[in-house]
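Student: Please build the complex by placing chains B, C and D on the supplied structure of chain A, with the hints as guidance.
Letter by letter, the chains look like this.
Protein chains: 4
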Amino acid sequence: MKLLLTGFEPFGGSKINPSEQVVYKLADREIAGVDMTTVILPVERFAGPDTLIRTYISAQPDVVLCLGEAGTNTTIAVERVAINLLDFLISDNGGHLITDKPIITDGPPAYFATLPVREIVNVLNEKGIPAQISHSAGTFLCNQVMYEMLHYIHKHQLSTSAGFIHLPQLPQQVAGKLPLRPSMSLELMVQGVTAVIETLAASVITP
Amino acid sequence: MKLLLTGFEPFGGSKINPSEQVVYKLADREIAGVDMTTVILPVERFAGPDTLIRTYISAQPDVVLCLGEAGTNTTIAVERVAINLLDFLISDNGGHLITDKPIITDGPPAYFATLPVREIVNVLNEKGIPAQISHSAGTFLCNQVMYEMLHYIHKHQLSTSAGFIHLPQLPQQVAGKLPLRPSMSLELMVQGVTAVIETLAASVITP
Amino acid sequence: MKLLLTGFEPFGGSKINPSEQVVYKLADREIAGVDMTTVILPVERFAGPDTLIRTYISAQPDVVLCLGEAGTNTTIAVERVAINLLDFLISDNGGHLITDKPIITDGPPAYFATLPVREIVNVLNEKGIPAQISHSAGTFLCNQVMYEMLHYIHKHQLSTSAGFIHLPQLPQQVAGKLPLRPSMSLELMVQGVTAVIETLAASVITP
Amino acid sequence: MKLLLTGFEPFGGSKINPSEQVVYKLADREIAGVDMTTVILPVERFAGPDTLIRTYISAQPDVVLCLGEAGTNTTIAVERVAINLLDFLISDNGGHLITDKPIITDGPPAYFATLPVREIVNVLNEKGIPAQISHSAGTFLCNQVMYEMLHYIHKHQLSTSAGFIHLPQLPQQVAGKLPLRPSMSLELMVQGVTAVIETLAASVITP
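Residue numbers (this note's numbering), protein chains in the order written: chain A, 1 to 207; chain B, 208 to 414; chain C, 415 to 621; chain D, 622 to 828.
Because the hints were derived from the structure by calculation, they are not lab data.
Straight-line Cα separation of at most 20 Å, PhoX-like style, residue types lysine-lysine; simulated pairs: (1) K541/C <-> K636/D; (2) K334/B <-> K177/A; (3) K541/C <-> K798/D.
Pulled out of the complex, with its shape left as it was, chain A reads as follows (with noise of 0.2 Å):
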């Protein structure tokens, strides 16, 4: 399986990203049966989908997974669909603050993911690393890129799965803070990306 894995920069005054940190973690580790590319996106309105579109085309995988961050979240979330709004509710780091517009004018409303999130998820609790379905992908870079990938590959007729997974925060970005946040430690995370992609090697056939 051709896998292109995605992570952001960091954002909102904030110098870690979980998902950048996992993306370098899993860049340096082999997993059997996987060609992997990855990418660290910008949190950017334009700079965020033309890069993840750009990798895309140049890595042309058979799975893309991209993964972000979600303030409050305790599991790791599978998303199930993307919709076509913008409405953030902090500046993305091109100072970009962007209320109730489409992403795409004339774009169908929602894209549902088109990874086993159901699999996933359960893969992910047997395996004790607590996990969720979430019908939200929010309404910021994370919900825009995994509309934006599925979009392209809908729009160009392909046959490459796409989906998105949103981290909870790191321990070390809520530690001293209030209100007090839950987190994951990177290890996990790791370990549950690790496992997601195996899911996806297994489930994916590939020509």
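Tutor: The following block gives chains B, C and D in isolation, referenced to the frame of chain A:
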């Protein structure tokens, strides 16, 4: 520093107690300058404190650090105070379900931990391990053994320092369960409790 | 403005549904410029949407506002989008427990509410009635009736506006229950939904 | 029954304190068999308890019920215990920011409320008004005035019953704010505190 470190057996239908796991891990490790005795306490109204006091008498530690599990915590919670109250929401492992009774009739209403709780929490948060001071250790066995240990030390005018730390649940305890709950990985807990012990070893002046 | 206002019957073992209570209260009140039809929908995979669509056809409203209950919400949540998915965590009142099925095979992935969701939320918060935009209406009956109503309107190229609002639980539904959950009083909900209807009456241009 | 009912002025930048609002409402109402004195306490390390004790001395009540605000509570929380500790997370209205100091040097570690806390919580929950027993009144002014009142009564060997109740925030305090927080309407709080006072009037034997 002679340290007595205690955990609790599982209770309430669970097969795991993070405090027990952490004690098992630390029993196998060397911490410089620390002579450690460990014991797992029964979650039972009488056997719990009895096991603690008997082990205390035989070990004669400088410091007692008791660990327990707090179902919905996001952080390592260093307890400031134990109150003279038993009020169980669930039965203990001996089938006792006690409501609104003092732990020790005519005992004082409360004891403050005699550990440097502020310093411990600061050390943990500075290391990126989420921690907080807590002002309620509950009204179950955790609060009871903290109260009884401090009462014994006070009654016999001993110089031992003592306190209690609540740990979150382990990832495998919350995986696949609703409502979603936060968790902390065993390795981070072990790292945290090790840092606590090192802080105690540095701050407690032993003759 | 001709308004169709709907609530749901109780479900999941509960004897009360706040959306039903609010509809009963509003059915007895006059709101200037509003000609209101009300109906309580069964929480059942087939009878729920059927009752809605049949009432819609007979009432021919300008606006459809459906209300439902969201177990752990703190605010009045105005739903932005309904997705083409049935994924029940509990059985509906007909005993159906459906996993990962589309509401309408070959239906579009989602419909956006055609109500002014941003304006509604702003009006409520300005009045001191806690409100938020929500980007997931769940995957149970609430999401289903929102999706089916918008699908019907779209399919028949009608000009009706439609949307869905989730209400928190009532105080008496959470009193004495663990884990502790937020609630909202019936009077505040009625005040909130009244403000929503007045906002709709002012913003919807009726021929 | 002669009752002293107290609330607090707003603090921490807020313009409202629900406890003040509830006291104002109840000051205007008649409760059968209750002779009520009310006072609003300053949120200030010295003036808070001084105002309470002076009003107590002049009113000579049978029962003291103090009310305060708890930022993230979902229920009416009847406090079981006050501890001898000042540890402010924010400055009081006099600009004092006190860390880890006793309220009264050489005072006992804690006082239990001398109100029937269990009965009060049961009465509220049976009436459908969400309530809980709380085992921490915090370490700010609320805990302080509860401690100082009980200390004064104890020191002077008086027979007055006293305790503290924390109220959630009002809907208008949380509307439009992030993170989302629970709230309770003023009418429900007033209904709840009235039920508490009726319970006290029925349970307190007055000479």
